[in-house]
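Engineer: Protein chains in written order, with my numbering: chain A, 1 to 378; chain B, 1001 to 1378; chain C, 2001 to 2386; chain D, 3001 to 3386.
Take every hint as true, because none was put in to throw you off.
Derived SDA-like pairs: lysine to any residue, alpha-carbon spacing no greater than 20 Å straight-line: (1) K3351(D) <-> E1197(B); (2) K136(A) <-> L2272(C); (3) K264(A) <-> A1278(B); (4) K2115(C) <-> A2057(C); (5) K140(A) <-> E178(A); (6) K38(A) <-> V26(A); (7) K1130(B) <-> E3329(D); (8) K1136(B) <-> D3338(D).
No lab work stands behind these hints, which were simulated from the structure alone.
Computed from a predicted model, the values in this text were never measured in an experiment.
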Amino acid sequence: MAMTYNEDQSMLRDSAHDFMKSEAPVAHLRKYRDMDCKDGFSHDLWKQFAEMGFTGILIPEADGGLGMGHIEAGIVLEEIGRNLSPSPFLSTSVVAVEALKAADKAMRDRWFPGILAGETVIGIALEEGKKHHPEKIALKAERSGNGFKLSGSKQFVVQGSSADMLIVAARTAGAAGETDGLTLFAVDKDAAGLSMEAARTVDSAMAARLDLNGVEVTADAVIGDVNGGWAVLSKMLNAGRTGSAAEMVGVGTGAMDLTFDYLKQRKQFGRVIGEFQALQHRAAHLYGEMEMARSAVLKAQNFLDDDDPRAELYASVAKAKAGLACNLSVREGVQMHGGIGMTDEYDIGLYMKRDRALSEFMGDIYFHADRVAKLNGY
Amino acid sequence: MAMTYNEDQSMLRDSAHDFMKSEAPVAHLRKYRDMDCKDGFSHDLWKQFAEMGFTGILIPEADGGLGMGHIEAGIVLEEIGRNLSPSPFLSTSVVAVEALKAADKAMRDRWFPGILAGETVIGIALEEGKKHHPEKIALKAERSGNGFKLSGSKQFVVQGSSADMLIVAARTAGAAGETDGLTLFAVDKDAAGLSMEAARTVDSAMAARLDLNGVEVTADAVIGDVNGGWAVLSKMLNAGRTGSAAEMVGVGTGAMDLTFDYLKQRKQFGRVIGEFQALQHRAAHLYGEMEMARSAVLKAQNFLDDDDPRAELYASVAKAKAGLACNLSVREGVQMHGGIGMTDEYDIGLYMKRDRALSEFMGDIYFHADRVAKLNGY
Amino acid sequence: MSDLESFRTEIRAWIEANCPAEMRTPARGDDDVCWGGRNFVFQSDAQKAWLERCAEAGLTVPDWPKECGGAGLSPAETKIFRQEMARASARSPLNSFGIWMLGPALLKFGSEEQKRHYLPQIARGEIRWCQGYSEPGSGSDLVSLQTFGQDKGDHWVVNGQKIWTSYADKADWIFCLVRTDKENKYQGISFLLFDMTTPGVTTKPIKLISGNSPFCETFFDNVVVPKHQIVGELNRGWDVAKYLLGHEREMISGMGGDGGTASLGGGFKDALGDEPILRAQLAMFDVESLAFRAHSERFMDEWKTGKAHPAYSNLMKYIGTELNKKRHELVMAAGGSDYLEWESKRSNEGKRARDWLRTKANSIEGGTSEVMLNVVAKRILDMPGA
Amino acid sequence: MSDLESFRTEIRAWIEANCPAEMRTPARGDDDVCWGGRNFVFQSDAQKAWLERCAEAGLTVPDWPKECGGAGLSPAETKIFRQEMARASARSPLNSFGIWMLGPALLKFGSEEQKRHYLPQIARGEIRWCQGYSEPGSGSDLVSLQTFGQDKGDHWVVNGQKIWTSYADKADWIFCLVRTDKENKYQGISFLLFDMTTPGVTTKPIKLISGNSPFCETFFDNVVVPKHQIVGELNRGWDVAKYLLGHEREMISGMGGDGGTASLGGGFKDALGDEPILRAQLAMFDVESLAFRAHSERFMDEWKTGKAHPAYSNLMKYIGTELNKKRHELVMAAGGSDYLEWESKRSNEGKRARDWLRTKANSIEGGTSEVMLNVVAKRILDMPGA
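So here's chain A without its partners, still in its complex pose (with noise of 0.2 Å):
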């Protein structure tokens, strides 16, 4: 396991650094948020997505993907950030995809081609309260007929409105808090019993509340196994928890970027603000704060594509730390632009709300650190 990206690596964070600077840079969010997008995202964008090789990245070879693993979406998720792209990659192409790598495959023939042509979106109903608690599900699935009929609620389910299909996780056995007893469905957008209402979020994408009122569905529905579900939720989380984090990385490494420029461009006083030591110390210890979190990002990305039992752990530290440095550097980010950085003119303020969004997802600072002590007996 190398801690530095290899010679196809490189090329490819060469390409998707290139392709979402020129197709999708800050200007392409305000666009879509400025014309008020009902999908918070460009369908045009998701189809160049998959023209670049994107969509794909790890839908396995024999499925018609390109088989490459966590390391390589990462890259793609880091660009997205630094350029705060709109786009359902992360819960298509990176939640989704783990998910349905467990499916059987009439599932995996369904939806895969439709992800690779980037056609399709995919929503994850995994939330049923404000903070990140996967073993509490309580949205119920019971058997009907050969099927299923399911009940409940779900919330923070982003891009939930645009998706054409929802992985619905819900409990078919067990009390909510034990992790036995959970199913994982696939229920089309236009399944009877199902309503949404879908709000834009602080970083204009949009998210939806959805009611499941006796939606039935088949038993071909099932993703993994019946009761099983944890397992295959569990690399969900930690696709979507390591990919998040590292989407994080590169929100604020774009934010710190942005103000290390400005830092050396504006005046006071006589002098560059970049002169002062007291900004510089702060600087190189956000410069620092960064490094670490894009480490404990690589390392779970390399744990996660060598299928080690680690990668659980490293998926909350890479999201923790992650959390922390692009909080700060956000954080630092508005204050060292000054006056400025509060307006919506600049771009700084756009970070700041993408890293707030981010960090909700999967799981905030505290429920990792929390995870992080579990893990280790405490």
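We have chain A; now place chains B, C and D onto it with these hints.
Structural biologist: Relative to chain A, chains B, C and D alone:
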């Protein structure tokens, strides 16, 4: 309630300031440390404390004392902290006096005169583990004839081996974890079955571990009510926590003053290091933290003196905030002194050691933050 | 009964009798606050009545002299009045930069004529004021300001641009720092008052990251300002501005103190059972918050009795604003994905998120934290160097 | 089996065969560590035998060339050797500033003759070295050093004073920065080697706050140093010193990584049930500590492949040492009053407290955190200014 000193208090501060500076400065601590003094303090100094009237500050006028309050005790404690003066003031004149105020006249008459004269030292035998958890007291006191028989052990009894009497918190009913069922006893240092092992602590004080092996005491030895010890213990704890916080304000301020002086003298790179903006900002931040700690302590003292139930909350706020600020002060102090800050020859390291010991006394930062949360219902 | 106690009884009865029930509920948002001024549209009869009754009794500015529109209360009486207002949950009758900022400056630096002319208008909420300090090139470095007033005998002709002028688009008049001497950096600035309807004044709202636009850019194109509209001496406007900044800092520093709940964690108690680390963060924050509350009290006691260092408000501003930012970071964490919503009824159109973003300006406006720390280091701690 | 795998088998067998059982237990303290040198007294036959066997096989310095006393291992082999040493819990056969610091400098800057003369002695632990860099007036500002070597044709006569010379009272030789040109600040320093028994050299231990005295003041009074004992060019000793400081920083930065337990909190798990806030602090620390462990790994991979910025070791030193100080603050908190004991058998004479105090020097020695941050800001982030 005023958050500034009145004229009498200002005068007391001036006289305590001058007294400690001339009679018990840091050099005094060094002297007793280097002579390997088995008490860890000077009995002569303790007599001088009495002559100054300090030892009787909290003793009621009816009992021959000055009948003053925790603000006044805190004024003396702050000067003790600023000079790192070693003395039994906190244990004897603050915590033990607070307990003995709840005792009957016979016991008050037995111990107050010696305290007033600076001849008596009292140890507080409270802790049974490495961390502070007063409600977990398990040392057993069983009825035996007219009195009680005590069995168990205690640790971190500051000046225990120099004490004439030990106030021992014991369990007469209930189980560890319950606040009901505790009883306080005045145990003579020569009691049969009592053994002690004293060790020098990091701050050059002496702390004892006690073993009580069927120590027999009469019913007269009970302070307050049998099984109702928690009421008195709570008062002792509030006084001890607020008092040690006041001492820490002194320690932190003393360390800060040393450090600021050094910043104004030491030259590196051709400049006085106090000119460097990064150090200036850290100095200003530290000053603010110490100022907040001072305010929190004064508030707790005010509530104690007013018998306001909010003293409970603010004793914890004060101990936690003083702990945070004082710890920052000694860490910044050593770092800003650079290499010489690491030498025994300079005083700043002694401040760091005292901070550490006081921090553990009657609950550290984390214990008290937890208590603040619990008192606020979460 | 002491005089103060009888004053308390009296003022309590007055509030009881005069404050409409509707004015005893919290304002429903920024739009529901009374700012007064020529163009102000009252939201209700109750709002109008409450302002008029308070103004009549001098209680919009209780500690100002009666001849200036105040009630002439002593500091102790003023404190009691504020306690009783809080006790009755009575809204402030009038939010006003005139009261908070210009008034104190006029009381100290204004001519007798100016006091008689402007202060009663301010007290009655007839004129809404804004503040013209910052310029695009001079944020923290305020004295580098470039807006210039050319001397034309009995008037100045002002040209230049201001930024961060709060509610300039809604204000009637501005108090404004204008350079009147290009040679002298500090002693070349004057403190001028003028009407925002004077020809040549234009404003442009600035959209903030919170989505709101409380600030404007303000442009001056050959604006004529009569000479009698200067406060204090010619070229000594910096003294007035510094005095005012001190007041502003006190005001802003109060933010960390938290007017309402003592404990932040206590407000989220139901949610914290499963969040041990967040609970710990809140507990550590509550230690700071409660310490700061005690500290604010001590500061006020020392300030009033003249014991506080003149530069101490800089320290208060630094601590208070940093703490308030931290508070809102934790609020957002405690609110989780509920508080991420930005456009939804459920979230009151993202109120929590917008409030959180708003706090980021606390440590910038009225002097950045960095400038505050510079001032504390140099003026209070007497650190060497430039 | 690949070459590396067979190397692993081989080296594992060698350690198995040669490392005495006693050398597979942790050292019992500073006194129990093998430092070598002319006056070193071995604590046991096992200690002596282990050093001799390793030296014989070149394994005190596995990656040095064979002709310099090493085993000539490749980086990959060296890594495997270290893994196998750790696996066998084998002690380091030799602690040595000669190996850690002087050796790398000689390999890069030394003449062929110097390499052949000094390196094998270092590898065999025959000469114990100390470092003469800091002076009382020049801590962070190293280049302001005043110790002067006067040119006397075939030798210098050195006068001056050093401070913070580690174990100078126990060292045989010193590598020392000496000013040889008073006109030129940076390019007026030379890197000299000389015997500590040379007439005019005296040392005086400095007692630290931990109670230990690992450092000395060292005085030079007309000390004669022959010209051939210079490393590198005349007046270019700063280049050698900078190179060495880089090595020292790498070494010190490793401290935060924690050789043993991955999780600090895991070591105190039994105590944390009643300490929810301390548990939270440990959890937050463990996030940092585990992230830093990954970071150190990445740094080593980038450093070895030449991808790391040349000044990056300054950042590593800053992060690693600050983290190590934090670690020991938390250890002291977790140990409570048990760890306050300073003189008692139970506490192993205050080992935890002394270790904690020792860590406070981490962010001072080998370049203060402040200097590290200056360097990172200027050299890596390219910030403007002096």
